[in-house]
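Chains as they are written, first to last, in the numbering used here: chain A, 1 to 328; chain B, 1 to 342; chain C, 1 to 569.
No lab work stands behind these hints, which were simulated from the structure alone.
Careful, some of the hints might be misleading.
Which chain A residues face chain B? A few, computed with CB under 7 angstroms, are given here [what the hints assert, rightly or not]: (1) K27; (2) R93; (3) R96; (4) F103; (5) D105; (6) S109; (7) N111; (8) P112; (9) R113; (10) P123; (11) L124; (12) Y156.
Note that the structure is a prediction, hence the values are computed from the model and not measured.
Virtual Cβ for every residue (Gly too), placed ideally from N, Cα, C.
So the chains spell out like this:
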Amino acid sequence: MLDEKKKPLVQVKNLKMHFPINRGILKRQVGAVKAVDGISFDVFEGETLGLVGESGCGKSTVGRCVLRLYEVTEGSIDIDGTDIATLSGAELRAKRPEMQMIFQDPQASLNPRMTVGSIISEPLDEHLNMSKAEKREKVGELMDAVGLARRFADRYPHEFSGGQRQRIGIARALALNPKFIVCDEPIAALDVSIQAQVVNLLEDLQEKLGLTYLFISHDLSMVRHLATRVAVMYLGRLVELGDSETLYMTPKHPYTQALLSAVPHPDPAQAGNIDRVILQGDVPSPANPPPGCTFSTRCPRAEAVCKQNSPEWREIGEGHFAACHFIE
Amino acid sequence: MLNFTLRRLMFTIPTLLLISFIIFIVLDLAPNDPTGNLPLTIPPEVRAKIRASLGLDAPMYIRYLLWCQQFFINEPLNLMNEWFGWCIGDCENRLRVSSWATRSPVVDLIAERMPQTLWVVGMSYVVGIMIALPIGVISAYKQYSWFDQAGTFVAMVGFSVPTFFTGVLLIVIFSVWMPNDSIFWLPSIYDTTHEVTDWSSFVFQIRQIAMPVMVLALYNAAQISRFMRASMLDNLSQDYVRTARAKGLREKSVLLVHVLRNSMIPVVTVIALGIPQVFGGAIITEQIFKVNGLGQLLIIGIEGADIPLVQTLTFLFAVLIVMFNLVADVLYGLLDPRIRYD
Amino acid sequence: MTLKYLVAGTLGAAMLSTTALADAHMAQGRDGNVNIIYWQAASIMNPYLSGGTKDLNASSMVIEPLAHYDETGAMVPTLVDEIPTVGNGGVSADLTSITWKLSEGLVWSDGSAVTSADVVFTANYCMDETGGCQQLAKFGDVESVEALDDLTVKITFTGPKPFPYGPFVGSTTPILQAAQFADCMGIAAPTCTDQNFGPIGTGPFTVTEFRANDAITLAANENYRDPSKPAFATVNFKGGGDAAAAGRAVLETGEFDYAWNLQLAPEILADMEAKGVGTVHSSFGPLVERLMINLTNPSAELGDERSTVAHPHPFMTDMAVRQALSMAIDRPLLVEIGYGQAGKVTCNVLPAPAIYDSPNNAGCEVQDIAGANALLDAAGWVMGADGVRAKDGVRLSILYQTSTNAVRQDFQALIKQWWSEIGVETELKNISGGVFFGGDQSSPDTFQKLFADLEMYANNFDGTDPEAYMGSWACDKIPSPENAWLGRNMPRHCDPAYDALVAEMAGTADLNERARLAIAMNDMLMQSYTIIPLVHRGNVSGVVNTLEGVRLNAWDSELWNIADWSRAE
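Just chain A, with the same shape it has in the complex (with noise of 0.2 angstroms):
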């Protein structure tokens, strides 16, 4: 499946997300949430990475990193050649049009005062030079493009249902012709028979315009369905990275075995045969992540060893890359 020829659109290099926490009278900060603690992948020209893992392990922290909607603390982010973790204000906007989010929660990304039509067209204005009519024209476009009926420019979010609003919020995204989409958990928040429409429309118009996705979520089927390669994160870092097919056929790290084994079969007979792989305990603070591998606290396979190094990130097959000391 991997093509060599295709090259990388974006490449992250050892992204760090440091939140501050502030404490006391003063608000003084007292220490740091890791969100994102080094991690490293490239996502290929037109493909779609899937990014997995449990709630709160820092994998909506690397999508707005990679946008830069916040301040990375370390690391650059090459997209299309530019390493925007250093770009200034305003070379940072003219870049934005590029790169472009779709959020989790339609509703509440939406600027509840604003028309479908000012907040599609909102990025025109700001990005380009059109005239009115030009302008009413591409919003019909893009409101073409996600099947919602032009008529509707005039109306407001909260009019909308929950898919409809998701379409908006595509054809926001797309309105500037971006290169690369990070969907941030886009069908989280929608019914399940919506869901496929949304993901089917997703497929649409990366297959028109050639889009690069970076696709976040926790629905690992979803990801196998869409994903051309997987990354899989456990408490801000990486621990496997892989070809889609390979990944969820074999999978390497423990964390991936056990993510996988959790995954319902769609057979319910054969759900019996699946050795489950259940984790103990909670997974760890990030404001206070445990010594050497992160994932030791949990880890069935854990060594004394795991408390001591962190394993090193590297690649066990072809374009198969993985964090453990104990995969060979």
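Starting from the known structure of chain A, arrange chains B and C on it as the hints suggest.
Here is chains B and C on its own, set in the frame of chain A:
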């Protein structure tokens, strides 16, 4: 929205009538005697005659109906006569609501008080809002910065230190300690007879309202800036703000177009609900600086058991409160497209 | 404004008078503006419709009576050339009428002549039953007021009136202009807003703008009888705030020239005066803070008969108790704590004017706890185990009421302490002034009902004649349910000898003889300890140093001589 407004307006009529009746009963039951503050040298027989001449010997419901007739019929007719020259009925000898202490129409007294109340209390409200909004916005945007800490402290002080303290403190600093010939010297007593006719009289007016306006503005700003800050913080953490940033908008547009506009919805409501207080005057501050606005009129009326004056003023405040509640609701509907009243 | 009045005044003076010095220094309006602050704002300029001191004082700048009282309590002619007396024939020999003769050439501020018809009109205006006139008492015994000619007015009384100077003497009963108030008789009186706010008068000033309960601006009366007065062209009469702010405005910032009635804690006033901007003036009228003993039983068990003469008080009828209560009080301390410059110790309930001040009761200024205890011991009141004296099962336990007022509550606390030292138990009660002094029949807390063992308040009388005041402790002035609790004989004092003195005074015209009778009545009340005087209270006003000519007057309006005020160089 229009239907809603009309329906609400219709509903206010019985509400206000009920309020006026309750005010009347409460004032009537209060152990107060309009001749109680007269010198003791006035003998009781004369007091009884004075009370009779004020109509106090009539039964309560007759006095209430008389007030209703005077207030709801005679006063509006009189206003029409004065403003448009329309004369309906007996324009010359129409019985108006009259104050017992001054023997003059209550509505004229109120009209006479309006300018200084609006100058001082109204101005302080405007100044308070103008100070509060930027402070609230910046405090929220730079949460926990030194600016926010300072803003919190000032708001706490403004909110908790009573105006009779800040008022007297300012007088001591600017009127007593400051030499009389200094340009920073400010008069401690408001001259209500002063008329603004030219630049220098305007400057004098600014000087004489400076202290009461500062005292009240501090108090108003303290409240409103807190509302503004809280509302901004609510909205700053919303996803649509992140969306706006992702769109590549300038930080200024993100803040002013997206966050501020949404944050203003509850703040505008709070501001509208506070407006009746402007007309109600600031009793304590008016007393301290001798502004003699509506608040002081009410206090004098209460002290002197001037029931027609107190009744009319209190009722007008009730009207304002009911009206501005409606205004706040309508504004809310206009500002927030999610609200539908029909 | 100043220039206009300067010129007008100068011209007027030059034309009217050839003998007067007509140079600019003596012209009307030469000293510009004077700022007066009254912390109670004036609400009306017609004293017949308001009993408030603030209103009387404000109106006294504009409208004037026939004669004023000066600061010693003596009468001075204002609109007349001399005060009528029996000696000069102005008062009839049978004391039933008085004839006033207006000065020649007097004009109102609008230029029309002042005539006897105005005086007659004013009397009828107030005596109209339906008008609610607040000075009606001044006209109490008046049978008729008639004009004998353009300048002569004869007031006839229903009987002999030894002191016939009630109507039209003092600022409470000024002359109104008949032409202006013609339509304001009776029930129309309160509707005449323009007249009540801007009466035409003969006084040194006229109203330019009247803002009720706020501020009054006045300008010099161009037709004032003395063309060189007033020295001030305009008056800004500001009302509102509180006594402390008024004192500050005169004594500390100098923004105002004159502040009325600075009822402030003595030490605050002293601090303000120390700034050197102005000084505090005081004057003493007949106002006395006193304790009124209830000689009848106020027990609630008596129902409708509480505090009536049918039931004598269980222990207050014992003079030893009343005397002991008086002896235990340290009056100089009360003065120092409560009033400072605005108070003096008094042992008389009638301490002023000077000719009525009894010399016979000196000695009360010295507190004598030991003496009071000895007196009670001798009278058989035995100290109980609980520190309260008793006799025949009756305990000396007192309910002591007064109006709500910081100084009065301080006094209550102090006096309670002193009385506890002589074995008297005291329960304190304070009642809102509006209720206490208000005549509400349904309230049990009025000072007339006196449902307590004693009460404290201050009282005085208008003008200089104490006849009616002293007469209020006659038997027929006792408040009771029968007379709807009217009357001012709070102690329910009833003594035929006292009533005889009251009757004798009513038939005596000679001033010295009247003084002897008043002193005798005062001494009866004092020596029976029916009324226990505490403090002789004065008025305190603040005057800025550059203001000259203020003669503080307890017997008339404080502004009675504002025509003579001027600005120091």
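Checked hints:
A cut of 7 angstroms between beta carbons decides the hint on K27(A): the least distance to chain B is about 4 angstroms, and the hint holds. Proximity of R93(A) to chain B holds as hinted, the smallest CB-CB distance being about 5 angstroms (cut-off 7 angstroms). Using the Cβ-Cβ criterion of 7 angstroms, the hint placing R96(A) at the interface with chain B is satisfied: the shortest such distance is roughly 3 angstroms. Using the Cβ-Cβ criterion of 7 angstroms, the hint placing F103(A) at the interface with chain B is satisfied: the shortest such distance is roughly 5 angstroms.
Look at D105(A): its Cβ gets to within about 6 angstroms of chain B, closer than 7 angstroms, so that hint holds up. With 7 angstroms as the threshold, the beta carbon of S109(A) comes within range of chain B, its nearest partner Cβ sitting at about 4 angstroms, so the hint holds. Satisfaction of the interface hint for N111(A) is found here, the shortest Cβ-Cβ separation to chain B being roughly 4 angstroms, below the 7 angstroms cut-off. Restraint check, P112(A) versus chain B: the minimum CB separation of about 6 angstroms is within 7 angstroms; hint holds.
Evaluation of the R113(A) hint against chain B yields a held restraint, the C-beta minimum of about 6 angstroms falling below 7 angstroms. A hinted interface residue such as P123(A) counts as satisfied when its beta carbon comes closer than 7 angstroms to some beta carbon of chain B; here the least separation is about 4 angstroms, so the hint holds. A hinted interface residue such as L124(A) counts as satisfied when its beta carbon comes closer than 7 angstroms to some beta carbon of chain B; here the least separation is about 10 angstroms, so the hint is violated. Proximity of Y156(A) to chain B holds as hinted, the smallest CB-CB distance being about 4 angstroms (cut-off 7 angstroms).
In summary, the one numbered hint that this structure violates is 11.
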